[in-house]
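Kindly generate the complete structure, drawing on both the sequences and the hints.
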Amino acid sequence: MRVVTLKINDQEMSGREDEDILHVAREHGIEIPTLCQLDGISEWGGCRLCLVEIEGSAKLSAACVTKVSEGMVVNTESERLSGYRKTIVEMLFTEGNHICSVCVSNNNCELQDMSSDLKIDHISLPYRYPARTVDASHDLFIFDANRCILCTRCVRVCDQVEGAHTWDIAGRGIQSQLISDLHQPWGESDSCTSCGKCVEACPTGALFEKGKAAGEMVKDPKFLVYLADMKAEKS
Amino acid sequence: MSVKTRAIRKIDAVKVPSDDKRWLIVAAAMRKHGSAQSALIETLHSVQSSFGYLDDIALAFVAHSLRIPLSKVYGVATFYSHFRLKPQGKHNCVICMGTACYIKGSVKLLQKVDQKYGLKVGNTTSDNQFSLLEARCLGACGIAPAGIFDGRVLGNLSPALVESQLDSWLKESTANETKSPS
Amino acid sequence: MIDRKITQQISSAEDLAKVAAEQLEWQAQYQHRVFVCMGTACQSVQSGAVLAALQTEIKNKGRENECLVSPGGCQGNCASAPLVSVPEQDLLYQTVQPADVEEIVDALAGKPVSRLLCDNKGDFFSKQNRVVTNHRGLLNPESIEDYIAAGGFRALLKALAEFSPDNVVQELQKSGLRGRGGAGYPTGLKWSTVAKARAEQKYVICNADEGDPGAFMNRSVLEDYPFRVLEGMAIAAYAVGASKGYVYVRAEYPLAVERVTKAIRSAEKHGLLGNKIGSMSLDFHVEIRLGAGAFVCGEETALISSIEGGKGLPCPRPPYPAESGLWGMPTLINNVETFANVVPIITNGAEWYATIGTPRSKGTKTFALSGRIINTGLVEVPLGTSLRQMIFDIGGGVPDGHKFKAVQTGGPAGGCIPEEHLDATIDYETLMELGSFMGSGGMIVMDDSSCMVDVAKFFMQFCAAESCGKCVPCRVGTAHMHDMLDRITKGEGTMEELGQLESLCDVVKFTSLCGLGQGAPNPVLSTLRFFKSEYLAHIVEHTCPAGVCAPIGQDIRRPTCALSP
Ligand SMILES: Cc1cc2nc3c(=O)[nH]c(=O)nc-3n(C[C@H](O)[C@H](O)[C@H](O)COP(=O)(O)O)c2cc1C
Ligand code: SF4
Ligand code: SF4
Ligand code: SF4
Ligand code: SF4
Ligand code: FES
Ligand code: FES
Ligand code: FES
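Residue numbers (our numbering), protein chains in the order written: chain A, 323 to 557; chain B, 58 to 239; chain C, 11 to 575.
Just so you know, the hints here were simulated from the structure itself, not pulled from any lab data.
A portion of the hints provided could be inaccurate.
To be verified - Straight-line Cα separation of at most 25 Å, DSS-like style, residue types lysine-lysine; simulated pairs:
1) A:408 <-> C:168
2) C:519 <-> B:169
3) C:519 <-> A:441
4) A:381 <-> C:15
Unchecked claim - Ranges between beta-carbon positions, derived for each pair:
5) A:451 <-> B:58: 54 to 62 Å
6) A:445 <-> B:215: 58 to 66 Å
7) C:15 <-> A:485: 36 to 44 Å
8) C:329 <-> A:532: 54 to 62 Å
9) A:534 <-> C:459: 58 to 66 Å
10) B:228 <-> A:445: 49 to 57 Å
11) B:114 <-> C:38: 54 to 62 Å
12) A:450 <-> B:230: 36 to 44 Å
13) A:331 <-> C:183: 49 to 57 Å
14) C:272 <-> B:84: 42 to 50 Å
C-beta atoms are modelled at their ideal positions from N, C-alpha and C, and glycine is treated no differently.
Written out as structure tokens, the structure reads:
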């Protein structure tokens, strides 16, 4: 694989040409906000928080799915970008029903972190207050659709790592919702092995372990990277 | 366990769900595409044209036969607006709500149906006589506003025309009822 | 139906010429030919019954050896359906009923039936330039024999025999043809990228999803010229080195599906599709795939995942389908009309084609004229024609004494162009500068009875309902924008909210993943640009100047309960 040199935020660096901007930036200590991206599973490109400017291109590019190339000049921070990111995070808050103080993931939530990183102090878009449900039929876990941001991390981890493909998104657009099997209660799903990977992968308080009180759910999806590395080693 | 789950668990890929002949058409459609996962949409089309809609049994059968996860089949079936998960009325009225038809007043057609029969888009009359659907564009914009009545495209629709068409369906059904009281 | 069927395989240009000559000879036995339009619009008003009645009438009169009645294609002026044409008399009859056929048959060679005559010399017909639809409906769309007699498949066999794949690509590049599916990407350039890609298997896909509401050109071309589209695809397959092709048609077009399916079968039977086409080196198999009601599937990467059997979710590009498309293989994807243009280009040469149109937008384009306009229907004009010519000369202007307000082009990603820009020419760049878009060719005319805020809301509702939901700005942003527009039409909007709407337009346009979200704000932006006063009337004065959101002069805010009827 060829190594290319590029510039991110005025910093010269090099990366392999099969690497994306996000990872090359990270290796060099530059953090780009992400929500749908998770190491160890495939890229999705849906949250649009990792959008960056590339010199010579009128369009913005999602860093998680854009490969680096020779001579590329990337800018990951600007007033315009942070404005866009703020609005997108606001959209996520208004799309569901989030009440952090009573949430199991309070203080351990990627969405919440994102809003403080982006210094969002109030939501100017109107709340949509959708009618959503909580599925507590599983023995070990709970799915609270009110907090789901449809990032599909659970769908991908369950399909690609566990091989069960219990989750999928039904419907489309603003009507999209996460479902298990043929829209059955999670606890009745024949495909779920109760491995818990989706819970660890979920960035918010949408998927959590039973018996956790507010603020008690702490997630750690790093194991996915080991699994992915192990898989790569074997093949 | 829910009724739904119990019904779904009975379905496997080897046997068709019942001796209804229409399953053979579905099975043939799958075979025609080599029973590959890529045959999913074509197969759902054949289920819907044979049975009129997709129920859990059919979805489970297709999933098992094509070796596709249940949730993925459900995702695909609900993504495309052409697929229906609920049974439809005996007759079918589709009103185009594409731009050309909208500009030519197709909203009034829907209002008429709602006013006279209390039927909103996506619903079926309580006696299952007919379903009301909307379409994006029938490609008949030249004769907008257009609609499809039991598969037949009709153009230059007016509220009165829609009404007379729907009434003729209702009349036909009352006529049938008087003929064969059951 | 009186029809002549050939059975032989066509394995050379000589065979093709022989079949064409025989068919022409057979047609020439008939002194009179009559075509009945069997397009969607005409069939909807029973042109099938007219066709049958004509055939019976001729039989009853014992004239079946001198008169031949054939199903024909769309004449363009579908509003006058059903249409019957008698080419040798250069006559077009409109709104023909089965009861009229006796008179029509009696009038063959005699005096025309004047009460049914349609003015086929008027501006609607004379100002058009038909390249893609050059048979003007006078071709039986289901007969491969008639297609061959009219010169069909000559371009394919010529390309196979006389051109290298490279030559074909060069010819396309010289012609200046740009994609007719919306964005106007140079077709020759796209072909050369796919041709250069190295892979065991390549694909050619014809995008016949035509989801723009208010557009039906692709439907018409597929219904009337299924063989020509297939021929164009085969030439493309030869040029880029593909052996398999798909036509992705929306399920809402049953007639087009039927015609293409039959055309594939009959072309295969005669050795014009399949293995060793025309006994030459090309193997090309075509299958049809049905859409299932998702506008986003017109987007190329979504279309590809739909053919693969999944949801139509767009993927980030690059990689472009030309490098990695269907099943990860290099894939050429073009619009129906793009493929249909290939045949005349190969037949008449790139130089000829390049003389039509403007320096940057070559050739002709079909448009579906509809809405508040006298002559609705399908028209084909050279690019560079002005909007005014299109709407007032060809379209005959706005009916019922109403006043023209705007023309909407480009579908849900397009914009509304007002009166003061009617002299702008129809080409990719000019429409873009006006905040609109060529799109696939829908042209919807609006008069003073349309409220532009309501129109913007209509399109936003469309985009919100068709958003696939994969990316946040489009999934949530279109829903918010729709709600804001809805509040404005109800008199509940504020100036502050209008500002918020504008800034959401900016976010959604620049952060969405695919063209659907990126284009969704355009109808709002263009109506804000040209019709801001209507927004202000709703917000500040609580009135709807067009009388759509409430009768003219009345308050559009919902009456309070006590006052409501
Ligand atoms: C939301 C969306 C819908 C589209 N719908 C269509 C369509 O219905 N037909 C079409 O040919 N192209 C459509 N396109 C454009 C295609 O992605 C693609 O550019 C086109 O088929 C390429 O063919 P061309 O180069 O011949 O124009 C659409 C694009 C987007 C983003
Ligand atoms: S998921 Fe995160 S943002 Fe939502 S309520 Fe819980 S802590 Fe708050
Ligand atoms: S627990 Fe494991 S198998 Fe069950 S849904 Fe989550 S990831 Fe899939
Ligand atoms: S449940 Fe969690 S991981 Fe799954 S889509 Fe929702 S937010 Fe993402
Ligand atoms: S822009 Fe809209 S249609 Fe396109 S990927 Fe995003 S959500 Fe889907
Ligand atoms: S992290 Fe790149 S789009 Fe979500
Ligand atoms: S918009 Fe209704 S048929 Fe096209
Ligand atoms: S469909 Fe008959 S004229 Fe257009």
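For each hint, the structure was consulted:
1. A:408 <-> C:168: Distance ~58 Å between residue 408 of chain A and residue 168 of chain C Cα, so the pair is violated.
2. C:519 <-> B:169: violated (37 Å)
3. C:519 <-> A:441: holds (23 Å)
4. A:381 <-> C:15: Status violated; Cα separation ~54 Å.
5. A:451 <-> B:58: 54 to 62 Å: violated (32 Å)
6. A:445 <-> B:215: 58 to 66 Å: violated (46 Å)
7. C:15 <-> A:485: 36 to 44 Å: Distance hint for residue 15 of chain C, residue 485 of chain A is violated at roughly 54 Å.
8. C:329 <-> A:532: 54 to 62 Å: violated (43 Å)
9. A:534 <-> C:459: 58 to 66 Å: Since residue 534 of chain A and residue 459 of chain C have Cβ atoms about 59 Å apart, the given range 58 to 66 Å holds.
10. B:228 <-> A:445: 49 to 57 Å: holds (55 Å)
11. B:114 <-> C:38: 54 to 62 Å: holds (59 Å)
12. A:450 <-> B:230: 36 to 44 Å: Between residue 450 of chain A and residue 230 of chain B, where Cβ atoms are some 41 Å apart, the hint holds.
13. A:331 <-> C:183: 49 to 57 Å: Check failed, 40 Å falls outside 49 to 57 Å.
14. C:272 <-> B:84: 42 to 50 Å: Check failed, 25 Å falls outside 42 to 50 Å.
Figure legend: structure checked against the earlier numbered hints; hints not met, in rising order: 1, 2, 4, 5, 6, 7, 8, 13 and 14.
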